[in-house]
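Novice: Chains as they are written, first to last, in the numbering used here: chain F, 1 to 177; chain Y, 1001 to 1193.
Possibly wrong hints are sitting among the right ones.
As the list claims (entries may be wrong) - Label-pair ranges, simulated between beta-carbon atoms:
| id | chain 1 | residue 1 | chain 2 | residue 2 | range |
| --- | --- | --- | --- | --- | --- |
| 1 | Y | Asp1065 | F | Leu35 | 38 to 48 Å |
| 2 | F | Leu75 | Y | Asp1085 | 29 to 39 Å |
| 3 | F | Leu78 | Y | Leu1020 | 20 to 30 Å |
| 4 | Y | Leu1038 | F | Phe175 | 24 to 34 Å |
| 5 | F | Val174 | Y | Pro1073 | 30 to 40 Å |
| 6 | Y | Asn1149 | F | Leu35 | 28 to 38 Å |
| 7 | F | Pro77 | Y | Gly1007 | 25 to 35 Å |
| 8 | Y | Lys1120 | F | Pro50 | 14 to 24 Å |
| 9 | Y | Ala1160 | F | Glu32 | 47 to 57 Å |
As the list claims (entries may be wrong) - If you want the footprint, here are the derived chain Y segments under chain F, 3+ residues with CB under 8 Å:
| id | region |
| --- | --- |
| 10 | 1068 to 1074 |
| 11 | 1079 to 1091 |
| 12 | 1102 to 1115 |
| 13 | 1168 to 1177 |
Since the hints were made in silico from the structure, they are not lab data.
Idealized CB from N, CA, C, for every residue including glycine.
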Amino acid sequence: MKLLLVLSNFIIPVTVLVIVVFGALRRVNLYEAFLEGAKTGLQTVVDILPTLIGLFVAVEVLRAGGLLEILTSLLTPLETWLGFPAALAPLTLVRLVSSSAAVGLLTELFADYGPDSFLGRTASIMMCCTETVFYTMSLYFMSVKVTKPGRTLFCALAANFVGVWAALAITGWVFGK
Amino acid sequence: MLNVIWGFFLIGGILTGAFLGRMDLVTNAVIDGGGNALELAFAMAGVVAAWAGVLRIAEKAGMIDLLSEKMGPFLDFLFPQVPRDHPARNYIAANFAANFLGLGWAATPAGLLAMKELAKLNRQGERASNAMCMFLVVNMSSLQLVTVNIIAYRAEYGSAAPAEIVGPGIAATLLTTVVGILLAKILEGREKP
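So here's chain F without its partners, still in its complex pose (with noise of 0.2 Å):
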């Protein structure tokens, strides 16, 4: 377990390195195409910087007016009478909204219960494959002015949802109850 985390540390400095010696290797202009690029990235944060505030207004008051909880306390009867853990319901939902309120949770759920526990293997898991949805797609679409989603948002909430119940049971199979 060890060797994954070290590895994890491995995984940027050698996809620079790749691609640096690759450009070396094909007489490429490093500092020059760099420039080029980090000017577009550049560009790219001041194009999505209306959006992004745009989003953390919108998150940040439907966290503070509290409809949030209420959205959460409405939906937890209905996942735990499906069999869902009623500690991880809140998480299902705010992980659609806002990543960081999800981390929260998460630590939340790793002090109550231990991140060992089978409630933190399964949220670990489930923050593994499901995505701060509407922050993502706003992100990507706006940028384009694209407001019609069509069935995106469909498949990927219906996706998200087959993730989180995955992630539940993945958890008792691996690891036990």
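Chain F is fixed; fit chain Y onto it per the hints.
Specialist: Just chain Y now, kept in the frame of chain F:
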């Protein structure tokens, strides 16, 4: 649709805040929200720019071409509407590869460029095309080799084996990706030529 959701967040949030007597918190949220977004953007500007720079080197060296060539059959299946020689394919390939390696910051610039190229092919106006839908569904199903930050949180809270969730995590993610792709394929709409 996105307009409606965004409006719902704000209107719903403020009204609930009024009912629950949490208007002070809502006030802070309105004031701080923009600032927090700026802070994030500021933090991410450096990383995104650096990765976009590295990405450009890879592009000029022909590595991205190579990557999208290797992913050819997969891309053909997912994006039949995108012509083989279209730059969108390269950026999509780079985005998927970066996401897979867990290089989120590198994935973002490639992803936004991919979206820009897909928008050029989109004849549905403000509606998402099949290719856009498929791209985001795969992107959001978060297929990733190692989720470094989750492992780090687990280690922080005293897990005996922080990385033990990697294998099961990959299995769960594979499943969500496959489900997402299948659903997006089944629900694919007819598009104006």
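Novice: Taking the hints in turn, state whether each one holds.
Specialist: So, going through the hints one by one against the coordinates:
1. Taken as a hint, the range 38 to 48 Å is violated for the pair Asp1065(Y) and Leu35(F), whose Cβ atoms sit roughly 21 Å apart.
2. In this structure the supplied range 29 to 39 Å is violated for Leu75(F) paired with Asp1085(Y), their Cβ-Cβ distance being about 46 Å.
3. Under the hint 20 to 30 Å, the C-beta atoms of Leu78(F) and Leu1020(Y), about 22 Å apart, fit the expected range.
4. Taking 24 to 34 Å as the suggested C-beta distance range, the pair Leu1038(Y) and Phe175(F) does not conform, at roughly 42 Å.
5. Between Val174(F) and Pro1073(Y) the Cβ separation comes to about 31 Å, which falls inside the hinted range of 30 to 40 Å.
6. A C-beta distance of roughly 30 Å is found between Asn1149(Y) and Leu35(F), which places it inside the suggested range of 28 to 38 Å.
7. Distance hint check for Pro77(F) and Gly1007(Y): the Cβ-Cβ separation is about 27 Å, which falls inside the suggested range of 25 to 35 Å.
8. The hinted window of 14 to 24 Å between Lys1120(Y) and Pro50(F) holds, with their beta carbons roughly 22 Å apart.
9. Against the hinted window of 47 to 57 Å, the Cβ-Cβ separation of Ala1160(Y) and Glu32(F) comes to about 49 Å, which satisfies the hint.
10. Check result for the region 1068 to 1074 of chain Y against chain F: violated, 0 residues qualifying (beta carbon to beta carbon below 8 Å, three or more required).
11. Coverage of a stretch by a chain is defined here by at least three residues with a beta carbon nearer than 8 Å to that chain's beta carbons; for the region 1079 to 1091 of chain Y and chain F the count is 0, and the condition is violated.
12. Three residues within the 8 Å Cβ limit are the bar, and the region 1102 to 1115 of chain Y against chain F gives 9, so the coverage statement holds.
13. Against chain F, the region 1168 to 1177 of chain Y contributes 9 residues with a C-beta closer than 8 Å to a partner C-beta. That satisfies the three-residue criterion, and the hint holds.
Comparing the model with each earlier hint shows violations of hints 1, 2, 4, 10 and 11; every other hint is respected.
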